[in-house]
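Engineer: Each chain, letter by letter, is given below.
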Amino acid sequence: MTSYIIRRLINLIPTFLLATFITWIIIELAPGDFATQFAFDQVDENKEDRMRELLGLNLPWWQRYFVWLKNLFVDFHWGTSMMSKGDVTTLVIPRIENSMILLLPATIISYLIAIPIGVYSAVRKYSIGDRLLTVFSLIGLAIPNFFFALIVVALLVQYFQATGSFLLPTGGMTSQTFADMTRWQQLLDIGWHLIAPIAVVTLSSLAGLTRVMRGQMLEVLGLDYIRTAKAKGLAEKVINYKHAFKNAILVIIATIGGILPGVLLGAGTVEYVMGWPGLTPLFIRASFAQDVYVVMAVITFGVILIMIGNLLADIALAFVDPRIRY
Amino acid sequence: MSSSTLGKKTQSQVETKNLEKEVKGTSSASIAWQQFRKHPMAQVALCILGILYFLCAFADFFAPYPEASINPKATFQPPSQVHWRDADGNFTRPFIYEMKNTLDLDPDSPTAYQKIWTEETDTAYPINFFVNRTGLRESYVPFPINLIPVAIRKPLGNSMGLKAPGTLHLFGVDSPGDKARVHLWGTDDVGADIFGKILFGGRISLTIGILASLTSILLGMILGGIAGYFGGFLDEIIMRIEEALSAIPGIFLLLLLSSIFYPLNWPPTYVFMAIIVALSFTGWGGIARSIRGLVLSLKEQEFTLAAKSLGASTPRIIFKHLLPQTLNYIVVVASLAIPGFILTESVLSFYGLGIQSPATSWGLMLSTAQSFAGVTSLTDRWWVYIPGLFIFIAVITWNLFGDGLRDALDPRSRK
Chain A
1 MTSYIIRRLI NLIPTFLLAT FITWIIIELA PGDFATQFAF DQVDENKEDR
51 MRELLGLNLP WWQRYFVWLK NLFVDFHWGT SMMSKGDVTT LVIPRIENSM
101 ILLLPATIIS YLIAIPIGVY SAVRKYSIGD RLLTVFSLIG LAIPNFFFAL
151 IVVALLVQYF QATGSFLLPT GGMTSQTFAD MTRWQQLLDI GWHLIAPIAV
201 VTLSSLAGLT RVMRGQMLEV LGLDYIRTAK AKGLAEKVIN YKHAFKNAIL
251 VIIATIGGIL PGVLLGAGTV EYVMGWPGLT PLFIRASFAQ DVYVVMAVIT
301 FGVILIMIGN LLADIALAFV DPRIRY
Chain B
1001 MSSSTLGKKT QSQVETKNLE KEVKGTSSAS IAWQQFRKHP MAQVALCILG
1051 ILYFLCAFAD FFAPYPEASI NPKATFQPPS QVHWRDADGN FTRPFIYEMK
1101 NTLDLDPDSP TAYQKIWTEE TDTAYPINFF VNRTGLRESY VPFPINLIPV
1151 AIRKPLGNSM GLKAPGTLHL FGVDSPGDKA RVHLWGTDDV GADIFGKILF
1201 GGRISLTIGI LASLTSILLG MILGGIAGYF GGFLDEIIMR IEEALSAIPG
1251 IFLLLLLSSI FYPLNWPPTY VFMAIIVALS FTGWGGIARS IRGLVLSLKE
1301 QEFTLAAKSL GASTPRIIFK HLLPQTLNYI VVVASLAIPG FILTESVLSF
1351 YGLGIQSPAT SWGLMLSTAQ SFAGVTSLTD RWWVYIPGLF IFIAVITWNL
1401 FGDGLRDALD PRSRK
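Same order as they appear, the protein sequences are chains A and B.
Per this note's numbering: the first sequence = residues 1 to 326.
Per this note's numbering: the second sequence = residues 1001 to 1415.
Here chain A stands alone, though its shape is the one from the complex (with noise of 0.2 angstroms):
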């Protein structure tokens, strides 16, 4: 097992290597970088290549990737965001931090409800409760989640001018107040702030989630072994919950390592809606700017979480999973 997770971590280097370059090359072919806006400045000439020359931006692409390289490998420097003259870690860790804050409560809530759901679905296979079931999840799966973000900022808007309070904010994570504030009374506006995102997230992944659920227990009753259970004559209970149940909710939870990226990133159009100044409105705000130095660390750090998901949730798999060999 350990040199297999050794194998595994050693073949993570190129990859992420890879995918950076890959993402550097893709970030170098867009026209003009952070500088061109400057070259439309009449009054004072060469503006924009003195400022090329103080960011580092005049060497060519490539060794500009292996500077970043060095400095990240070497120095742990990310390098300084262009937009706002910070060290980038600065701008992108409150923005990781936001982005869990909202997505961490709504990943575990959806799992506690799609489990019993996806569950019951799958042991009354086809009876009422099941069918409604399905529709509803077909409907979720079917509403773009910006689109429902939308529809539910209108709503509160509409109950903030029928009755003239607020239900829910309608965006943002603070209130206007927030600086003056005691430390409690802030931890409560941003729960407040938070019901709204959370819900709309919830639901919105509580479809394909169930769907998951309800195969993957569909998949585990139809296996010889449950036939045998059956043939002994256990009882329906016991076989659902003791025999199927267990090992169903076992693949559940080792796969849940490759939810880890979707913990950071899997709600950017809410946030972009919603206000909520998570990473993604961060990324598009920088990818806009082409502050290359923020758009590498947001996506070094997607990838960084995505390789390790996969890695954790193929060793946790392993564990579970006898039949697999390493």
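One or more hints might be untrue.
[Stated by the list, open to error] Under the rule of at most 25 angstroms between Cα atoms (straight-line distance), these lysine to any residue pairs were calculated in the SDA-like manner:
id: 1; chain 1: A; residue 1: 125; chain 2: B; residue 2: 1071
id: 2; chain 1: A; residue 1: 70; chain 2: A; residue 2: 13
id: 3; chain 1: B; residue 1: 1115; chain 2: A; residue 2: 70
[Claimed, not checked] Here are a few chain B residues that face chain A, going by a calculated C-beta distance under 7 angstroms:
id: 4; residue: 1185
id: 5; residue: 1189
id: 6; residue: 1247
id: 7; residue: 1248
id: 8; residue: 1250
id: 9; residue: 1251
id: 10; residue: 1256
id: 11; residue: 1260
id: 12; residue: 1313
id: 13; residue: 1317
id: 14; residue: 1319
id: 15; residue: 1343
id: 16; residue: 1347
id: 17; residue: 1388
id: 18; residue: 1391
Just so you know, the hints here were simulated from the structure itself, not pulled from any lab data.
Yeah, the Cβ is synthetic: ideal placement off N, Cα and C, and Gly gets one too.
For this one, chain A is given, so just place chain B on it according to the hints.
Structural biologist: Chain B in isolation, oriented as in the chain A frame:
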């Protein structure tokens, strides 16, 4: 030969004949069709999709106004009220009234400083069917012909003395100076008819899904086929790139790709194609991996060896013997990938990095709805959100149809 054996023979002949009859009706296509018939929802979905694609293909005819028609005097006009009864309460043919707006200047009213739309009930304008609109810049090129690029179409039409400007619309209102305009679903921020815009935008939203799915599958088949069949160095390179691409968060990769062509101010056709390229660039990986696996197992089977020993060339083996075996899988994956691509395109356009105006797509319409409608007027202008309903319908019907197709083509998931 005794008569009894003769009798037996004819009997067995009859039996084989019967058997032939039974066998005749069960080609793989007819099995698939039979299985598909068991899915009423998939059939309904197919019908809805057919209607949707038909409406969008002939959008010029079904929309009351041409695609470029805007009316700055009537931005965010609410949907036209279609009346069926005249002033005396008798049923008449459907008609509409002209709509006028005034600014509410009473600071105490709930609609203070907003546009108030009222109907001018003096003159009724009947809705006519099959109307010709022959105004300046109002003619259009009807559906199958508009797919031919202008550079070919123009000289060809001139040399043959053909001019195919369509002027016919399904319905419309005849009013002096176009005062009364029929907007079934209201107008948007530039005063364009939303009903028409949805049909025109559907052309892009609905075809992008199909084309992106086709190109990514083609790419996945070629690369996966090569990787699986040749193995070794090629396999290593292709699968390494696939692995690296799948490690980059998909939507971010897509946003970066579109920021390549976004600043170039390309014409809509180029942007359309660039989006398809970007979508298939991010979408081929999973397909390539599955195809590679399928080819790896297929190439070890006897028929491949037989083809090889008969002297078949490598491309012939790959394209004639191996890839057709994966066809059922491909069809299912393609149909289930389409709704995903439709959704992704709408997200991309919603971020403002997809389709650019003057072209339109459902995602872009929602994007302008969000940016122009403002927070307080979100509820007053509900009709700008109708495009979202169409994304929903397109995705759910494609999903249902794909599910039905999978059950029809995949023997393991048959009922």
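Engineer: Starting from the hint list further up, note which numbers the structure goes against and sort them upward.
Structural biologist: Violated hints: 1, 3, 4, 5, 8, 12, 13, 14; rest satisfied.
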